[in-house]
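**Student:** Following the hints, complete the assembly by docking chain B onto the known chain A.
As a plain string of letters, each chain reads:
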Amino acid sequence: MEKFTTHTGLVVPLDIANVDTDQIIPKQFLQKTERVGFGVHLFHDSRYLDHSGKEPNPEFILNVPAYQGASILLARENFGCGSSREHAPWALEEYGFKAVIAPSFADIFYGNCINIGLLPIKLSEDEIEQLFAQADGAKLNLTVDLPNSNVSFTNAKGEQIIFNFSLSKFQKYSLENGVDSVGWTLGKLEKIEAFEAKMPTWQ
Amino acid sequence: MSATHTSLTMYEKLWQNHLVEDVKDETPLLFVDRHLIHEVTSPQAFANLRFHNRPVRHPKRTIATMDHNISTRSIKIDAAGEGAANQLRALEKNCKDFGIELFGMGHKNQGIAHVMGPELGLTLPGTIIVCGDSHTATHGAFGALAFGIGTSEVEHVFATQTLRQNKAKTMKIEVKGHVGNGISAKDIILAIIGKTGSAGATGYVVEYCGEAIEALSMEERMTVCNMSIEFGAKAGLVAPDQTTFDYVEGKEYAPKGDVFEQAVSDWKQLKSDDDAVFDSVLTLEAKDIKAQVTWGTNPGQVISIDGCVPSPDSFNDPIEKESCVNALAYMDLTAGTKITDIHVNKVFIGSCTNSRIEDLRAAAGVVENYTAKGQSVQASVDAIVVPGSYRVKAQAENEGLDKIFSDAGFEWRLPGCSMCLGMNDDVLEAGDRCASTSNRNFEGRQGRGSRTHLVSPEMAAAAAITGHFVDLNS
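Taken in sequence, the protein lines are chains A and B. Take the first sequence: its position 148, counting from 1, is numbered 148 in our numbering, and each next residue is one higher. When you read off a place in the second sequence, starting at 1, and then add 203, the result is the number in our numbering.
Just chain A, with the same shape it has in the complex:
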């Protein structure tokens, strides 16, 4: 997993609530045995007019020329709900997103993002509204500062705005250091063996 410290990039606003992982990556693209090849299919049904993905839908926000190169996705409540497919964060990451900002995330999706190094950032409804207002017209370049747990930008009046977010200490440590979580836990093997030794027979 790549380390995440700070990142500055263009924000693309996806103004839809309850975006589920079926929308993020439809089922017909889940038949791969590798971890790559999902970015091109991100938001397929909204992004393309045809089944084969050759005709971009000009009205979908990711296809608007001004938002090309965006690396931060701004979303609405309950983002990533539904299926547990990790292919959804894989697709977002491969497309080029480094962070997703929303007022709330579905639990499994949130954990999956952390596990692959895609930063999910929860902000208040009011802060999200301010970001949506600012992001219109591809005018919002945002800096994500993980060590200081904040995002910052310059508003239309030229003022520097900072919003703080929180992340559990271990999640933050893992992201900042690109921790191999399996390797970390394997370092605790004695604890696991001690637990197993005390388990009841039926278990």
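What the hints contain is simulated information worked out from the structure, not anything from laboratory work. Because the structure is a prediction, the values reported are computed rather than measured. Be careful, since some hints might not be right.
As the list claims (entries may be wrong) - Computed list of lysine to any residue pairs in SDA-like fashion (alpha-carbon distance at most 25 Å, straight line):
hint : chain 1 : residue 1 : chain 2 : residue 2
1    : A       : Lys188    : B       : Asn256
2    : B       : Lys263    : A       : Gly187
3    : A       : Lys198    : B       : Lys216
4    : A       : Lys54     : B       : Gly634
5    : B       : Lys398    : A       : Glu125
6    : B       : Lys398    : A       : Pro103
7    : B       : Lys398    : A       : Ile16
8    : A       : Lys191    : B       : Glu229
9    : A       : Lys191    : B       : Pro231
10   : B       : Lys227    : A       : Gly183
11   : A       : Lys54     : B       : Asp635
12   : A       : Lys188    : B       : Ala250
13   : B       : Lys279    : A       : Gln28
14   : A       : Lys169    : B       : Pro231
**Tutor:** What follows is chain B alone, placed relative to chain A:
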């Protein structure tokens, strides 16, 4: 109990019983008893094990099945297309290389993971069960802490037999009294989701309780717990009781003899303490629950059979209002339309929510009532019945249910996840409108541009024959 006894919920007990380590500044580490895997969310986890040259720590705690993208017309691996076949063959090789038991194509134990686990006794109360599938919450019906995980976590469980999990909040959902005649478990859970909204339990583990829940069979409890994820819950739980113990006893992989007796004695300690405090409580009156039909594009957009498609103006919350506008456009529905006036051209009876023997019996019972009057599946409707496992299929055929369905014009298929998510060729066309016993009515879930109405098996059977939704109790 220690002198400083504090009252605990069932979730908190399950948590304590599985806590390997909880140290400052680290996410707590929990032991995982049972890991169910399938072809779609496991290959990348196996690939990473190989890359790091790591073994599966406890191969016997993992069981594999083929369910998500298999054909329901043929037991041949190649029948569901090249991509599916690649994944299925990869699962065969991975299970062989890492020493994991696999129920492959046509095996007598093959089935949807969440149908197969319980019926084989792989699902036990008091355990932690995970699977790379969000409907793992199904197993919570046994008083197991069961939840869906991503592929990175599948890899973590393979290598360590543990998971890192932050503690969830607790929610009690009590369904008081008894439901009326003909009201199914599916109606109960849809009514709950209608009340909470599709994200109402995000961050929570839900415990279902009350007379109406206690009265349910194990299969009905599974239907309720299955859809916990559909209102955001991490997991759903029902306290194990005599119904649970009777169901588990004698199952192929369940403990036997004295070990079973010891297990039951431990399982009886799991229920929430009387004075346990939940972070949130929701109460419903069972008698108020009517047959449910979803009208929108998330499971919270649901209404009773005697209702009408709602108007966006009936929602105060601006996001719900906008979601309603979008859902009506996608579903091609007009506010004010009676639910019983909605016509369907496809019917799907199946999925980990409603493909067990009791579901098929209930649906077949409705079909028989119609066939007795000379009615069969409408010419304009394609209806398929997909049993949840080969065991369910065999039992249904033994009881002659397959014949009841076939004679009435339903297609009787082979087990699999099928049209719930349409990874195989059981896909709806754009514009199709389907009465489905599955769990998700998301845009495009069953096929791009297709429209899904979530209902009980009884309602789906009636819709196949009449061509529209029917209030079977009126």
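**Student:** Hinted pair, alpha-carbon criterion (25 Å max): B:Lys398, A:Pro103. Please report holds or violated.
**Tutor:** Roughly 21 Å separates the two Cα atoms, so the pair holds.
**Student:** Is A:Lys198 close enough to B:Lys216, meaning Cα to Cα at most 25 Å?
**Tutor:** It holds: about 16 Å lies between the C-alpha atoms, which stays within 25 Å.
**Student:** Hey, A:Lys188 versus B:Ala250, does the alpha-carbon distance stay inside 25 Å?
**Tutor:** Answer holds: A:Lys188 to B:Ala250 is near 23 Å, not above 25 Å.
**Student:** Within a Cα-Cα threshold of 25 Å, do B:Lys398 and A:Glu125 meet the stated pairing?
**Tutor:** holds (22 Å)
**Student:** Compare the distance between the alpha carbons of B:Lys227 and A:Gly183 with 25 Å, and conclude whether the hinted pair is satisfied.
**Tutor:** holds (19 Å)
**Student:** Hey, A:Lys188 versus B:Asn256, does the alpha-carbon distance stay inside 25 Å?
**Tutor:** Status holds; Cα separation ~18 Å.
**Student:** Below or equal to 25 Å on CA atoms is what counts here, so check B:Lys279 against A:Gln28.
**Tutor:** holds (20 Å)
**Student:** Is A:Lys54 close enough to B:Gly634, meaning Cα to Cα at most 25 Å?
**Tutor:** holds (22 Å)
**Student:** Between B:Lys398 and A:Ile16, is the straight-line Cα distance small enough, at 25 Å or below?
**Tutor:** Measuring from Cα to Cα gives roughly 22 Å; hence the hint holds.
**Student:** When you check the alpha-carbon spacing of A:Lys191 and B:Pro231, does it fall within 25 Å?
**Tutor:** holds (12 Å)
**Student:** Under the criterion that the straight-line Cα-Cα distance not exceed 25 Å, is the pair B:Lys263, A:Gly187 satisfied?
**Tutor:** Within the cut-off at roughly 22 Å; holds.
**Student:** Could you grab the alpha-carbon distance between A:Lys169 and B:Pro231 and see if it respects the 25 Å cut-off?
**Tutor:** holds (12 Å)
Checked against the numbered hints above, the structure violates none of them.
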